[in-house]
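Engineer: Residue strings, one per chain:
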Amino acid sequence: MHEALLTLGFGLVTAAILSLSALAFTLEYSVTNVANLSHGEILTVGAYCAYLVQQHGGGVILSGLAAAAGGGLLALAVHNGVVDRFVRRGIGGLPTFIATLGVSLVIQNILVIIFGAANLGYTVPQGAPRTVGPFLWTDTEIQIMVSAVVITALLYVIIQHTRFGKSLRAVSQNRSLARVSGINANRVAALTWLLAGLIGGYAGFILAESVGTFSPYSGFSFFLITLTAAVAGGLGKAVGTLVGGIIVGIALEFFGGYLSASYNLAFAFAILSLVILVRPRGLFVGGRRSIFE
Amino acid sequence: MTTLTPDPAMAETATIAALEVSGLTAGYGGPPIVENVSVRALRGAITAIVGPNGAGKSTLLKAIAGVIKASAGTVTVEGRDATGLPSEKLVRRGIAYVPQVANVFPQLTVQENLEMGGYSRRHGLHERTEELYQLFPDLKLAHRRHAETLSGGQRTMLAMARGLMVDPAVLLLDEPSAGLSPKFQSAVWERIEQVRATNVAVVVVEQNTRETLRHAQWAYVLVLGKNRLDGRGRDLLHNDEVVNLYVGVLS
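Residue numbers (the working numbering), protein chains in the order written: chain C, 1 to 293; chain X, 1001 to 1251.
Source of the hints: derived by calculation from the structure; they are not laboratory data.
Ideal placement from N, C-alpha and C gives every residue a C-beta, glycine not left out.
There may be inaccurate statements among the hints.
Claimed, not checked - Simulated DEER-style distance windows between Cβ atoms:
#1 X:S1022 / C:G90: 25 to 31 Å
#2 C:G121 / X:G1029: 53 to 59 Å
#3 X:Q1134 / C:I276: 58 to 64 Å
#4 X:A1102 / C:Q126: 47 to 53 Å
#5 C:V124 / X:D1167: 55 to 61 Å
#6 X:A1178 / C:V146: 49 to 55 Å
#7 C:P280 / X:R1144: 29 to 35 Å
#8 X:K1226 / C:R279: 49 to 55 Å
#9 C:L52 / X:Q1134: 24 to 30 Å
#10 C:Y156 / X:G1152: 29 to 35 Å
#11 C:R85 / X:A1072: 22 to 28 Å
#12 C:R89 / X:A1178: 28 to 34 Å
As the list claims (entries may be wrong) - Among the chain C residues that face chain X by a calculated CB cut under 7 Å, a handful are:
#13 K166
#14 A170
#15 Q173
#16 R179
#17 V180
#18 G182
#19 I183
#20 N184
Turn these sequences into a full structure, and let the hints guide you.
Structural biologist: Here it is in C-alpha cells:
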C-alpha cells in the first residue's frame, strides 16, 4: 500500500508536467485545427533556454521565465511563419501537419549543431527528497506541482473570463462567424500560440528538471506522450485534456514502477490505441459538456 | 418590367443608399456563381433577394459580407467604398451578416454570443445588450444557457441579435426562417419588421418567396447568378414572370 502511494506521488509530478504540455498542445490545436508536430521542440527549446540562463548564474525563477519566453517566441514563429500561411489559404489538416513535422526536424538538428546531441543537465540542485504525508518529494518536485496548478488556474481564468479568452473560444468554435463578428481571427490564433508556447516552454524546463537530463530529442519523445494525453482527453477541449494528462501521467508512473520504464512509450501508445478504438472523440467529450471547453 | 432603378418614391427620401452593390461577380474559385449583380438597400426598408434554387443568393450575401472575395464589382456602405475589405473590417463599416447555418457559437452562453457580436464596439456593450434583450425577451431568460441548448427558433433569434450588437447600417440575413415551424417563421418576420423600424437596412435572402415578397419594400429576383428583375415586393407577388420562375416554365 505504501509503495503504491509513493508511486502515486511520482505519478502526480509526471501528471503536472504532462498536463501543462497537453494543455498547450490542445490550445494550439483549438484555434488552427492543426496538430502541431513541432510541439515537442517548444519544450526542448524551453529546456535549453533555462540551461543558458543557469550557465550564466541565473536561478530557478529566472530559468523558468526564460524557458517560457523561448517557448513562446518559437510557437509564435511557427504559427506566423508556417501554420498561418496554410490556414489563410484554406489548407488545413495533412499538409500543415507534415509541415510542422519538418519544423520539428529542423529545430532538433539546429540544437544538435549548437549544443551537440549529448545529454545535458542543470546546475541548480534538486534538493533531497522529504516526506509529505504518504508521499516522497524533492523541493523541486513540489515547486513543479504547485506551479502547474497555478498556471492551470490562471489559464482557466484567462479562457473563461477575459475578452481575449472569449474570442479564443469563439475562433475555435467557428472561425468564420468569429470574423464576421469583428474578431481578427489570425491575431487571436497568433496570441493563442504565444500563450501555448509560454506554457510549453515552461513545461520543457520542469520536464528537464524532473528527469535530470535533456537532449535535442527529449521534447519529441515527451510530445508522443503528450499526444496520448491530449487525444485521450479530447483534442481541443481544455478540461478533457487536463484530465487526460493527469490519468496518463499517473498510469505511466505505475507502469514504469511495476513493469518496466523502458517501455513507457509503447505503453502510452497502447493507451492511445485503446482510446481511439473505444472513444475516438476522447474519453471526456460528449455527454454533459463542461463550461471550460 | 425589368429595371435596376430604385423605386422613385423611395429614392426621394434617401439620397445615399445604406448598401450599394454594383456589378458584383463572385464564386468559389471555379466559374462565377454570381455575375455582374447589382443590389441597393435603404435604411428603414426590407430588401429581399429571391430566386429559384441555385440562383446564387447565399453566395451574393457571402461576397457582400467579405466571407468570400469578389472578383469584380464594388460594394459601397453609406456612400463609402468598402470593396474587398475582409469581414472583420466590414463589421466596423456597419455590415452585419447572419449566416443560414452555424450562425451562433454553440458552446458560448447566449450572453457571450452577444458579447462576441459586439466585439468591435468600443463602448456601450452593456447598453446595447439590454436593448436587444428588450427586442428578444426570450434571450434574456436564457442568457446563461449555452447556445447549443436553444431551440431552432431561439437560435435564429440569437443569431439575429448577435448581428445587431454592432448597431449595423445593413443587416444581411441568409434564410432566417429556413427549417422553422410556421409559428416561429411569423415570429421571425415580426422581429425583422421591428428591426427595420429601428432604421436598419434589412437585406433578406429567402426560399419562402411568397411570405418574403409580402414584407419586402423592394425585391430583386436572381436567376442563375444574374439579376432577372426587381420591383416592389407586392407587385412581384403577382408578377407572371416570377410565378413562372417557380413552376419552372422559364429557365
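Engineer: Next step is simple, just say for each hint if it's right about the structure.
Structural biologist: So, going through the hints one by one against the coordinates:
1. X:S1022 / C:G90: 25 to 31 Å: Given a distance of about 28 Å, which is inside 25 to 31 Å, the answer is holds.
2. C:G121 / X:G1029: 53 to 59 Å: About 54 Å separates the Cβ atoms of G121 (chain C) and G1029 (chain X), which means 53 to 59 Å holds.
3. X:Q1134 / C:I276: 58 to 64 Å: The hint (58 to 64 Å, Cβ to Cβ) is violated, given that Q1134 (chain X) and I276 (chain C) are roughly 49 Å apart.
4. X:A1102 / C:Q126: 47 to 53 Å: holds, 51 Å
5. C:V124 / X:D1167: 55 to 61 Å: holds, 57 Å
6. X:A1178 / C:V146: 49 to 55 Å: For A1178 (chain X) and V146 (chain C) the Cβ distance comes to about 53 Å; the hint holds.
7. C:P280 / X:R1144: 29 to 35 Å: holds, 31 Å
8. X:K1226 / C:R279: 49 to 55 Å: With a Cβ separation near 50 Å, K1226 (chain X) and R279 (chain C) satisfy 49 to 55 Å, so the hint holds.
9. C:L52 / X:Q1134: 24 to 30 Å: violated, 59 Å
10. C:Y156 / X:G1152: 29 to 35 Å: holds, 32 Å
11. C:R85 / X:A1072: 22 to 28 Å: About 27 Å separates the Cβ atoms of R85 (chain C) and A1072 (chain X), which means 22 to 28 Å holds.
12. C:R89 / X:A1178: 28 to 34 Å: Given a distance of about 31 Å, which is inside 28 to 34 Å, the answer is holds.
13. K166: Hint holds; K166 (chain C) Cβ to chain X Cβ min 6 Å, cut 7 Å.
14. A170: Because about 5 Å separates A170 (chain C) from the closest Cβ in chain X, which is inside the 7 Å limit, the hint holds.
15. Q173: Hint on Q173 (chain C): holds, closest Cβ of chain X at ~5 Å, below 7 Å.
16. R179: holds, 5 Å
17. V180: holds, 5 Å
18. G182: This hint holds: G182 (chain C) lies near chain X, its Cβ roughly 3 Å from the closest one there, short of 7 Å.
19. I183: With a minimum Cβ separation of about 5 Å from chain X (threshold 7 Å), the hint on I183 (chain C) holds.
20. N184: Hint on N184 (chain C): holds, closest Cβ of chain X at ~5 Å, below 7 Å.
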